[in-house]
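Visitor: Produce the entire structure from the sequences given, and follow the hints as far as they go.
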Amino acid sequence: MLTIHIDQKKYNDRTILENIKINIDKPGIYGVIGKNGHGKTTLFKCLLGLEKFQGSCFINGEKVLLQNAGWVPTEPTIYDELIAKEFYDFYAHLLDLKAITFHSIFDVPENQLIREFSTGMKKKTYLNAVFQKEFLIYVLDEPFNGLDLESNFLLMSYIRELSKTSIVFISSHILEILYKDCDRIFLLKNKRIHEFEKTEFLEIEEELFFEKGIK
Amino acid sequence: MSLIVLFYLVTAVIVFINYESFRNYMPLLFLDVIAYHLQRRDIEILKLKKNYKTILFTEYIIYSFPFYLVLLLKKEFFVIVAILSFKIVLINAPRLNLKTIKYPFNLFNIHWHISFRRYRLIYVFPFLIALIYVAISHKNENLIFLVFLILSFIACIPSFERESIEEININPFGAKKYLLYQLKNVFINTFYIVIPIALTLCFFQQWEKLLFVIIVFIPPVLNVFFKYIYFDNTIIHQIIFVLFIVSNIFMFGVLLLFVPFIYKKAIEKLNTIKAC
Chain A
1 MLTIHIDQKK YNDRTILENI KINIDKPGIY GVIGKNGHGK TTLFKCLLGL
51 EKFQGSCFIN GEKVLLQNAG WVPTEPTIYD ELIAKEFYDF YAHLLDLKAI
101 TFHSIFDVPE NQLIREFSTG MKKKTYLNAV FQKEFLIYVL DEPFNGLDLE
151 SNFLLMSYIR ELSKTSIVFI SSHILEILYK DCDRIFLLKN KRIHEFEKTE
201 FLEIEEELFF EKGIK
Chain B
1 MSLIVLFYLV TAVIVFINYE SFRNYMPLLF LDVIAYHLQR RDIEILKLKK
51 NYKTILFTEY IIYSFPFYLV LLLKKEFFVI VAILSFKIVL INAPRLNLKT
101 IKYPFNLFNI HWHISFRRYR LIYVFPFLIA LIYVAISHKN ENLIFLVFLI
151 LSFIACIPSF ERESIEEINI NPFGAKKYLL YQLKNVFINT FYIVIPIALT
201 LCFFQQWEKL LFVIIVFIPP VLNVFFKYIY FDNTIIHQII FVLFIVSNIF
251 MFGVLLLFVP FIYKKAIEKL NTIKAC
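Respectively, the protein sequence lines represent chains A and B. Heads up: the first sequence begins at 1 in the numbering used here, then just goes up one per residue. Heads up: the second sequence begins at 1 in the numbering used here, then just goes up one per residue.
These are computed hints drawn from the structure, not numbers from a lab. From a predicted model like this one, the values you see are computed outputs, not experimental measurements. Treat the hints with care, as some may be off.
As the list claims (entries may be wrong) - Capping the alpha-carbon separation at 16 Å, the derived lysine to aspartate or glutamate pairs in EDC-like fashion look like this:
(1) A:Lys35 - A:Glu207
(2) B:Lys274 - A:Glu51
(3) A:Lys26 - A:Glu161
(4) A:Lys10 - A:Glu51
(5) A:Lys52 - A:Glu18
(6) B:Lys102 - A:Asp80
(7) A:Lys198 - A:Glu176
(8) A:Lys35 - A:Glu142
(9) A:Lys122 - A:Glu110
(10) B:Lys102 - A:Glu110
(11) B:Lys102 - A:Glu81
(12) A:Lys133 - B:Glu167
(13) A:Lys52 - B:Glu166
(14) A:Lys52 - A:Asp13
(15) B:Lys184 - A:Asp96
(16) B:Lys177 - A:Asp96
(17) B:Lys177 - B:Glu268
(18) A:Lys26 - A:Asp181
What the hints assert, rightly or not - Label pairs and their in silico Cβ distance ranges:
(19) B:Phe191 - A:Thr77: 24 to 32 Å
(20) A:Asn12 - B:Leu199: 53 to 61 Å
(21) A:Glu203 - B:Thr100: 52 to 60 Å
(22) A:Thr15 - B:Lys264: 33 to 41 Å
In this text, a Cβ means the ideal position worked out from N, Cα and C, and glycines have one as well.
Guide: Here it is in structure tokens:
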């Protein structure tokens, strides 16, 4: 279903990712973890074609394009001078949705300027806008950041629904969320990727927090 | 900053020398203070000072000082008092909250909404309607063309802004269709802002002037092409666009023959952006 081959990704002379091979053959939730600066966002950007790299990413035999993926960055670009409803409509125009039957996941004041929103409300607005369309693949970079407990619960429930038919990548620093719901977890460390089953949390934490030989 | 001050001083000298020609238009020179006052966000902080109204009043006198000097030298005391009184009213008037006006603009280019809210462009329309009234009552049709020019400039503003490369790539259209939708957007939205002016012209039975409304659409449409050709550099975009428009005015639109070439270049650039 999805194959990611990143032979090398460099920023200037610094190699960020090397020899990354991911094969996913069924829909589900797939977690991506790693310390800050270890390349989680870069991996997502390469997957979506937002960064140039050596390698290729295919979904169902076709190149992965941003237009076919639901992409939510850690800090989404959202326009302060709009009201939420206008932002949804703008996104619907961008996604070329013919009939707009909009069911928002999160309740956000639709007629208030986004400038007056809190960080969490801005994120909810962005998520509502992206979830207007169904995609084969979703890439959510730290989607729980800034959201309150209730919204985290709502979002995770919605992701579970999506994962029945789509591949959902989530990066997060909250390991408990990933342990509970992910089909597989990918750990980025030292430019490489390490793949784990969700039950292997001891191995994940060992790899994440301890250097080999230092325990 | 010093260039702006120099510009104000030079304008004041020109107005002083040709005072008789500019006499009726003197109040227009003080209008930018209104725009400045309405868009400033520091008033809430200024209010912490008890004498903030005096501070604002003094600031606005300094702001337009060269023009006050011209009026003073020409002994137009009544005009000075009228303008100062208006500024006192402006400073004391409760601030209107026009932030959440719902505009009818097509949302394919979101910058129409953003520009109208950020720069409070809606304020210009009563002024434009008043200008048409002045043009008709003084039989000065050039003022109507000035209204068209201002309207066209307003329609160009959203295309000086940029959507993000990610947004262009999220859209599933090819470069040609994307550009076509942007052109459609600029045409529809320009049409919306032309309506109040066209209705005013109809009200005053200026039927023949309505024919010239089409001119309003040309610069914003061209600006969409230039936006994408110079997508990476807004400064060059603005310079080339202004040069192109000015050259067209002096060459009676001959340069419009290059539009197919400009269109092709815009598509080439959009293809490059979409391939990022």
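Visitor: Check whether the Cα positions of lysine 177 (chain B) and aspartate 96 (chain A) lie no farther apart than 16 Å.
Guide: holds (12 Å)
Visitor: Need the status of pair lysine 52 (chain A), glutamate 18 (chain A): alpha-carbon distance at most 16 Å?
Guide: Holds, because 14 Å separates the two Cα atoms, which is no more than 16 Å.
Visitor: Hint check: lysine 26 (chain A) vs aspartate 181 (chain A), CA-CA at most 16 Å. Holds or violated?
Guide: Distance of about 15 Å is within 16 Å: holds.
Visitor: Please work out if lysine 102 (chain B) and aspartate 80 (chain A) have their alpha carbons no farther apart than 16 Å.
Guide: Given that 16 Å is the threshold and the Cα spacing comes to 15 Å, the pair holds.
Visitor: Within a Cα-Cα threshold of 16 Å, do lysine 274 (chain B) and glutamate 51 (chain A) meet the stated pairing?
Guide: holds (12 Å)
Visitor: Take a quick look at whether lysine 184 (chain B) and aspartate 96 (chain A) sit within 16 Å of each other, Cα to Cα.
Guide: Roughly 15 Å separates the two Cα atoms, so the pair holds.
Visitor: Next pair to validate is lysine 133 (chain A) with glutamate 167 (chain B); report whether the Cα-Cα distance is within 16 Å.
Guide: holds (15 Å)
Visitor: Would you mind confirming whether the straight-line C-alpha gap from lysine 26 (chain A) to glutamate 161 (chain A) stays at or under 16 Å?
Guide: holds (14 Å)
Visitor: How does the Cβ-Cβ distance of phenylalanine 191 (chain B) and threonine 77 (chain A) compare with 24 to 32 Å: does it lie in that range?
Guide: holds (29 Å)
Visitor: Is lysine 198 (chain A) within 16 Å of glutamate 176 (chain A), Cα to Cα?
Guide: holds (10 Å)
Visitor: Measure nothing beyond the straight line between the CA atoms of lysine 122 (chain A) and glutamate 110 (chain A); if it is 16 Å or shorter, mark the hint as holding.
Guide: Distance ~12 Å between lysine 122 (chain A) and glutamate 110 (chain A) Cα, so the pair holds.
Visitor: Keeping to a limit of 16 Å between CA atoms, is the pair of lysine 52 (chain A) and glutamate 166 (chain B) held or broken?
Guide: holds (14 Å)
In this structure, every one of the numbered hints holds.
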